[in-house]
Structure formats: C-alpha cells, structure tokens
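Chemist: For reference, the chains in residue letters:
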Amino acid sequence: MVMRKIMAAWNGFLFGKADPRQLGTFRAVFGAFLALYLLDLYPTLHLFYAPPAVLPPALTWASGRTWDFSLLAFLPQSQVAFQASFLLSLSGAVALMLGWRTRTAAVICWVTQLSWLNPLHAGKNSGDNVVSVLCFLFVVAAMAGHAQRAFALDSPRERKNMPAWSTRLFQVQLPLIYFFSGFHKLASADWYRGEAVYWVFQQPVWSRFDLTGVTDPLLTAPLTYGSLLFELVVFPVLVWPRATRNWVLALGIVFHVSISATMRVFVFGEVMPIFYLCFFDASPWLERGWTLVRQAGSATGLLPGKKRTAG
Amino acid sequence: MLRRILSFAIALHFAVLVVNNLPWSPFVARLFPLYSWYPIATGQNQNWSMYQYPIHFQPDFHLVARFPDGAETRPWGTSRRMRAREVYLLEKLFLMNDGNRLAYRLFDALHDRYPADYRPTEIVLRRTTSDTPPMPGQIDHRPASVARELEISKRW
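Chains as they are written, first to last, in our numbering: chain A, 1 to 311; chain B, 1 to 156.
Check the hints yourself; a few may be wrong.
Stated by the list, open to error - Covered stretches of chain A, going by a simulated chain B footprint (3 or more residues, C-beta under 8 Å):
| # | region |
| --- | --- |
| 1 | 78-91 |
| 2 | 159-169 |
| 3 | 203-212 |
| 4 | 256-270 |
It should be emphasised that the hints constitute simulated quantities derived from the structure, not laboratory data.
Keep in mind the model is a prediction, meaning the values are calculated, not measured.
Beta carbons: idealized from backbone N, C-alpha and C, even for Gly.
Next comes chain A alone, as it looks inside the complex:
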C-alpha cells in the first residue's frame, strides 16, 4: 500500500504534465548566456589552445581517467583550427538560444564545453562545472524533444504539454548543488563556528573592494550561519512548495548578487540565477519578445508569416 503510494507519487513527479514554455524560456536564456560565457572565456581558451599554446594536443586528453575526454586531442594545433572550433562552440550556443536544430546544437554545446574545460586543470571553477552540467541536461531535454517545444525555430505549430521528467532533472540538480555545498562546509571548523565569512572578507585579492574592516562577529557570524541555513535548508526544502518558491528564488538572487557585488567570483553568480528558470516560469516575458521577433522576421521576409493581400 505504502509502496503503491510512493510509486504513484514518483510517477506523478516524473510524468505529470509540464508547460513547455518554461523549459523553452530556460533554453533560450541559457543559450544566450552560453554565448556570452564563451566570449568571456575566449582569452583563456586562446592562451591554452591556440599556438603558442600552453597545452599541446597530446596533453588535452592525457589524464588517467579516459572518460575525461577532449576532442582537441584530435585536432591540429593551429590558429585556424582553434578559431574554427571556437566558432563552432559559439554557433552551437546561438542555435540553442534560437532553438534551431536544437538537438544538434545541444550536442555541439556539450561536446565543445567538455573539450574546452576538461584539460583545464587550472583556471576553471565550480561555475564552469555548473555550465557543463547544464549543457548535458539540455542534451537530454533536447533529445527528448522537450527543450524545443516552445520559443524555438524548431517548435511545432501546436504546443502540447509535455511530461515533466526533463524539467525534473534540472530541478533536482539545483537543490543538490546548494545542499551539498552547505554539507561540505560543515566539515570545516570555520563554518561550524560562524567565522568563515570573516576569513573570506580578509582576502583583498578576492574582494571587489576593501572588506578587511568588516570584523565584528555580530556581522560576520550571521552572514556565515545565514549562508549555511540558505544552502542546507531554505533552498533545498522551500523551493518545492509553490507558496514559498518565488520567495526562495528571490532570496537566492539576493544571495548571489551580493556575493558577486563584493567578491571576485566568476561565472557562478551569473549562471545560478539562470538555473533558477527551471523553477520560475519567465515565459510571459519571453512570449512577448518572441512575438516581436516573429513579427519583425515576417515583415522582413526572413521568417514565414501571414501574407498581405492587395486591395
């Protein structure tokens, strides 16, 4: 009896109906972010992979873990090969944003993302890891035909609801990031004793402005414990009920914006609010923008649209 209820709840969780516009919005925004992310990453990629390169092809797939692949190992090291590879990455991101040949675009984004980042044993952080995770999850969503059901050039005329499981992949991964980020922190005496934010503020090289004067434990301890509470409990638990979801997401945005405003953290502060789109339906805004794009495209003849008749 209990098992039947659990299975019914599990099936409802995975195969209940979901509005494709939410995932479509997430796909479009992530594709746009990915393009900007790649442009920002370009100087590092050029340094590491374009001659005179830090890493020759032989070292891009040389680790003992053979699953840690990079297709750069098979390419000649030349400016032309590098620029062509980068252009392929960027094109994949733009195509993903537009929802054009979405399955192929998603695979290109994922394969190139891992090929660029797997050999980078220095110079990448957890934010880059989040981007890699999202690239893979969008491959799965695109292969299932879910990511391109709305706000995509590949969209079918009729937008039917779709099973929720592809969205659930994103929705489960996001709270896991927060929970285990907090979980690992508990192994550290600095976090356990409420001192961690003090030590973080005492690193001028990693702060946007001088925070070394913020020493009062009445300030730093609540920030430390507040971060732990948000990561361990608030987000992973309260993001699920609809009544608290938007509040938690808003708090998360405040959390990340305040970190980005004070600390020189890269990528993570930008990609995590975008990840929130798996919980937040921003489609009404995108619907309006997409209508304008299609109207402009029809008027210029770039996209099929209603034909005007004479008279």
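Go by the hints and put chain B onto chain A.
Modeler: Here is chain B on its own, set in the frame of chain A:
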C-alpha cells in the same frame, strides 16, 4: 514499458548524483568504479565544496616579465587588474601537485607571444602572503603556517 525504463534510469541518475556528492569514504570507494564513469564522461562531476576551507592568510600574485634591456612588465597587470579567472589560474599553480610544470608551459606560451625581436629573458611568478589578523575575541588563533614568498620562474 518505456516509462518504467525511463523511471529506473532517472532514479539511477539521481542516485549517482547523490553518491558523487558524498565525501570520500570506504563506502564511496566501493561504489566509485561502478558509477564514476557516468558523471565524468557527461561533465556532471559533482564538486560543490566552494569556500569549504577559507584560507587564513592574504595572498597576492605577481607575474613579471624581464627583458634584455632591463625593462620589466606585468603581462597581466597587477592582481587587482587581472581578470578573476587569471588570478584563480595563478593561485592554482601554487596549489597543484604539478603546478610548476604547468607554470613553465604558461611561461613558454607568454614568452612566445611577444614579438620575436623583443622577448623576455625571464618570467617570474611570485606569491606573497601576509598574515590575516585574528577575529576579534578569538582566543585560539594561530598564524597560518604558509611560506611568506613562493616563486616559480623560467629563463631563456
């Protein structure tokens, strides 16, 4: 049938994510050969221990190129002017097991990016550290036991 297979696959996926997030232990070590290929091959390696152990010293990084005529430049500027990703890269060179080897490759790449008729004869990467004052009221503070100055350099 397809639904059951998909349901099972997703449950397995979630289980792997959870186990991949756990700290290393005999339990994780036993399972590692079974599941590790999946997160590594797909780029889903779960590593979210950001800021777990904030450092108790104040590092600064100096990347300097010296030329035959005695001139010195900072190819990436001061650490305040560097991109955050560049600072992160330099910091990692001092923390990795084979950081020196990667640093030499970096120096070679930077060296060869200068015009052939005016290239540096030496590139130096230096990490300087200073103590972080103890937290007010902290009674068990000990200064971090870390070298005041570490240097990696290469000459041509």
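Chemist: At a Cβ distance under 8 Å, does chain B reach at least three residues of the region 256-270 of chain A?
Modeler: holds (count 4)
Chemist: In terms of beta carbon proximity below 8 Å, does the region 78-91 of chain A have 3 or more residues touching chain B?
Modeler: The restraint on the region 78-91 of chain A is violated, since only 0 of its residues have a Cβ under 8 Å from chain B and three are required.
Chemist: Verify this for me: three or more residues of the region 159-169 of chain A with a beta carbon less than 8 Å from a beta carbon of chain B.
Modeler: Satisfied; 3 residues make the cut.
Chemist: How does the coverage statement for the region 203-212 of chain A fare against chain B, requiring three or more residues with Cβ below 8 Å from a Cβ of that chain?
Modeler: It holds: at least three residues are needed, and the region 203-212 of chain A offers 4 whose Cβ sits within less than 8 Å of chain B.
Of the hints listed earlier, the one the structure fails to meet is number 1.
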